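**Q** Next come the chains, spelled out residue by residue.
Number of protein chains: 2
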Amino acid sequence: MNTMVLDLVDKHQETLKAAIQALHKRSFFAHYPENPSPEIYGENADKEAREKFKSSLNQRFEELQQEGPHDWVGQEESPYEQQRLGVSYPYFEPETLIQRAEEAFHVWRKIKPDMRAALLMESLDRLRDRFFEIAYATMHTTGQAFLMAFQASGPHAADRALEAVAAGYEELTRFPEEMEWEKPMGKYNLRLQKSWVAVPKGISLVIACSTFPTWNTVPGMYASLVTGNPVIVKPHPKAVLPIAIVVAELQKVLSENGLPPAICQLAVDAEKHLITKELAEHRKVKLIDYTGSSSFGNYLEKLPGKITFTEKAGINSVILDSVDDLDKVMQNLAFSVSLYSGQMCTAPQNFFVPEAGVKVGEEMVPYEEVVKKLADAVAGLVNNPKAAPHVLGAIQNTATLERVKEGKGKVILSTCDFSNPMFANARTCSPVIYEADAADKASYSQEMFGPIILVIKTKDTAHSMELAQEMAQEHGAISCGAYTTDPAIKEQIKEAMSLAGTPVSFNLTGGIYLNQHAGFSDFHVTGGNPAGNASFTNPEFVIKRFTWVGFREPVV
Amino acid sequence: MNTMVLDLVDKHQETLKAAIQALHKRSFFAHYPENPSPEIYGENADKEAREKFKSSLNQRFEELQQEGPHDWVGQEESPYEQQRLGVSYPYFEPETLIQRAEEAFHVWRKIKPDMRAALLMESLDRLRDRFFEIAYATMHTTGQAFLMAFQASGPHAADRALEAVAAGYEELTRFPEEMEWEKPMGKYNLRLQKSWVAVPKGISLVIACSTFPTWNTVPGMYASLVTGNPVIVKPHPKAVLPIAIVVAELQKVLSENGLPPAICQLAVDAEKHLITKELAEHRKVKLIDYTGSSSFGNYLEKLPGKITFTEKAGINSVILDSVDDLDKVMQNLAFSVSLYSGQMCTAPQNFFVPEAGVKVGEEMVPYEEVVKKLADAVAGLVNNPKAAPHVLGAIQNTATLERVKEGKGKVILSTCDFSNPMFANARTCSPVIYEADAADKASYSQEMFGPIILVIKTKDTAHSMELAQEMAQEHGAISCGAYTTDPAIKEQIKEAMSLAGTPVSFNLTGGIYLNQHAGFSDFHVTGGNPAGNASFTNPEFVIKRFTWVGFREPVV
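Chain order of the listed sequences is A and B. Residue numbers for the first sequence follow this note's numbering, beginning at 1 and rising by one. Residue numbers for the second sequence follow this note's numbering, beginning at 1 and rising by one.
Here chain A stands alone, though its shape is the one from the complex (with noise of 0.2 Å):
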């Protein structure tokens, strides 16, 4: 095997020492460009994908290295058609998986850090290849609009797994693999050879979402890997494709280099027979990764010797102050409410503007004007034709429907009809917007999943903070924005959701919104509140994926 690995290891020197140098200084980076162009990605690469994606449907999906499954199985639906994809997976029972994982981690332990990184960095070289395929398979599991398909799932995953695969390689090389330790004691020196390894923990579980099938996953699923875990990837039974995918060219690369594609295996449910609960629980099961809903990740959290890193709900809040232009920030706010109609982890929810309004120039805007200036920002963005599909995409499940015409609260904006030009039988609907009582708490203290936009009118922007706060502090928050053009307040609010551990953008107009986190730059959940502690990728969402050992001898 060696000889072919040390190749990739030459091959892949160069991006590997510039991620970790971008991880560092935090500017741009991006190894897999995200504009999807004939010019960059091939003439015909488009039109093969859609013609592959269509003809892998009603199939079943036989790229896996994983013999003699027990089942075949699949429920996937795409939200454009609301019809079966059709496609099946093999499916094993928990207790074969972990068998095989276990065998296959005494395997991937022994390999060097540099020869991991290397060949799973080649898997990333080989999903590029595969980039539009994956995004018509997103956009068919998930509702998303075609672009966000191709860029969250195809190069934005690849450059977060990227990322995980150098942070990790980076702690993993950090301090010697052995020294000689001298110790003057007066008359003669003691001298200790010493020598360190980085063990990793063990079995690592990934339990993959709904809505962002490949960009949620493959963080924690190469950050355990480059640390020597082996992975079993438990995809949403929604959203398998886009994964399987992943998985399918990451044990192509294990397999062609002589090792196990146990090292990483698909694990999908059979209808009847959910097996995340007995995945997680099972005591060779070290490390899990999850990003769901809070109550399943409540549960997660408190197994017992588990290292969990989890995404679960937030409440992002909207903090409005004071602007240069408020047109312009209420197009860039209706982006992001918009934005794959909310379905995002990072979409806001709660926008707080002051009794008085909201000081634009020199003039201060009344309350009811800025609230109708976003209402009309967001039926001007739907009603957009050209514009409107390719944001809000379509509606991943029924359930999130229910709940944006179920919304309560005085009706702000109630437009719930949309339609999608290329398929007409997409599940779509445009962004609600109702008010809520700043004193009913309670009325706007969870998340509410999808496209729901809640006002909440405030005493002043310090009251705005202070419940902008509490809510992160208490209900979790992954991002927030923040508008106001007085230095001071700006000191206060990030004073307040820095105490919330929550991310603030600042005054966003134009091309850049508030719920982008980009890779190598923006941390992601990094622990500080409720709504988890995926921490991708700072420095902790590897380390505690293996652990220090020493061992230590007399010199002779």
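Hints are supplied without guarantee of correctness; some may be wrong.
What the hints assert, rightly or not - Pairs of lysine-lysine residues, derived as DSS-like cross-links and limited to a Cα-Cα distance of at most 27 Å, are as follows: (1) LYS183/B with LYS25/A; (2) LYS306/A with LYS441/B; (3) LYS183/B with LYS386/A; (4) LYS373/B with LYS459/B; (5) LYS284/A with LYS494/B; (6) LYS25/B with LYS187/A; (7) LYS187/A with LYS328/B; (8) LYS187/B with LYS328/A.
Honestly, the hints are just simulated from the structure, not real lab data. All values derive from a computational prediction rather than experimental measurement.
Using the hints, position chain B against chain A.
**A** Just chain B now, kept in the frame of chain A:
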């Protein structure tokens, strides 16, 4: 404040740099000399400290800057005199301590990392002048002999604290405070000004033990402090004075520099009101460091919403396979088990000896003879009046004495009388050796704290390794000693014990012992088995004490 603190930053800069470098190299590094010689610490240091210690008995400890105590309490007793010290300490209700810590938090977290590091390092330098006094306080609370009390509670503890400060400072300054992020978008570049802050978690509770009241306490205390968290130190009620001096010196440095001394408070139990649980369960306590029993440690680890660093019980093994000089090996091991009468978390307990005996050079020395040599070496040390009192010290508490007397199994060495010429009333006992049956795992699968050795006859070295690994994996281990001249067996032992997260010292003879873990080089309790995850000092030990939070806004 700042001018004075800036002077401190200058003063300690070089040491901080050297400490960070040593952490990375893991080479020998000691900032505080371990030799209690008059040339280093001053002609009268010892004498003055002894007098100061004596004069502090039966007095109130008035050095703390904690006003308005509810009571004065104290229950320490000297294991050398078996009578009460009579020192009393101010007692505060938990809610008072929490409230003061909370106020101090909002001052301390705003102090820059370089200033925090400098203030903390200054406090360690002040401590240097009190090492002898701390040594006597340690002797007469823990029962350690003078030299260990001096080294472990003084220079070694201060070096461990310095190590935590250095590791914390490095992590806090690992990423840029701010930077301009520029993303090429084709026709234009998106430009964001980004900044990051390391937000401390909140109030930190450090729960100390009765045997190493400073060595096991200052790492967590200084790690929390350097990362911006206020600390409440809850000493063991029987070992307060050594750490009270540490807290008092730190409080002096803080208040001299215009900072609230409540940044670090001492929280002593009242005799009828033990406050540990109340403090640990308080919702404002976010970090817990703990050294002590497994049962209480497991309770702490299960508290929701806390980050815990624990050092609990471990069963440390010695694996005997083959040696060059059996007498030298036995002398080394006899010292290891006798040092502070086995009351170290790193002391070995289970000695695995193959039934065919141990290979010495080309010869097999039978099992019985190996065991006899061990017993003889221990007896030899115990019966050497020049060495024994200085090695064995005294027994910290009567429960340990009871345990030694009650031990079950076939007695190999039972002698339990041993007198200290300097302290006629000292609570002492010499090590006992029992033989346990390998098949009766229950008889050797728990820590028997104190000078208790179990010899376990195994089928062969493979069997020894298997049992040592199982004990560590299932019940925890903090150290391991192994003796083999066979490189293949050495690799197997490394393999077995690395999977059990246990560091191994091979073939130690002469003046270095398996129970000594050196700051800046040997990681201590890194979290790979049930003995805990204290992990001083690897990056995990400091990273988990703060949260990264990012801010960004368009470049104007």
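**Q** Holds or violated: are the alpha carbons of LYS373/B and LYS459/B at most 27 Å from each other?
**A** 20 Å, holds
**Q** For a C-alpha distance cap of 27 Å, please report whether LYS187/A and LYS328/B respect it.
**A** 20 Å, holds
**Q** Does the structure keep LYS183/B and LYS386/A at a Cα separation of 27 Å or less?
**A** 26 Å, holds
**Q** Taking 27 Å as the top limit, are the C-alpha atoms of LYS306/A and LYS441/B close enough?
**A** 26 Å, holds
**Q** Could you grab the alpha-carbon distance between LYS187/B and LYS328/A and see if it respects the 27 Å cut-off?
**A** 20 Å, holds
**Q** Decide if the proposed pair is consistent with the structure: LYS284/A and LYS494/B, CA atoms, cutoff 27 Å inclusive.
**A** Roughly 21 Å between the alpha carbons, so the hint for LYS284/A and LYS494/B holds.
**Q** Within 27 Å, alpha carbon to alpha carbon, are LYS183/B and LYS25/A?
**A** 14 Å, holds
**Q** Below or equal to 27 Å on CA atoms is what counts here, so check LYS25/B against LYS187/A.
**A** Judged against 27 Å, a Cα distance of about 25 Å means the pair holds.
Checked against the numbered hints given earlier, this structure breaks none of them.
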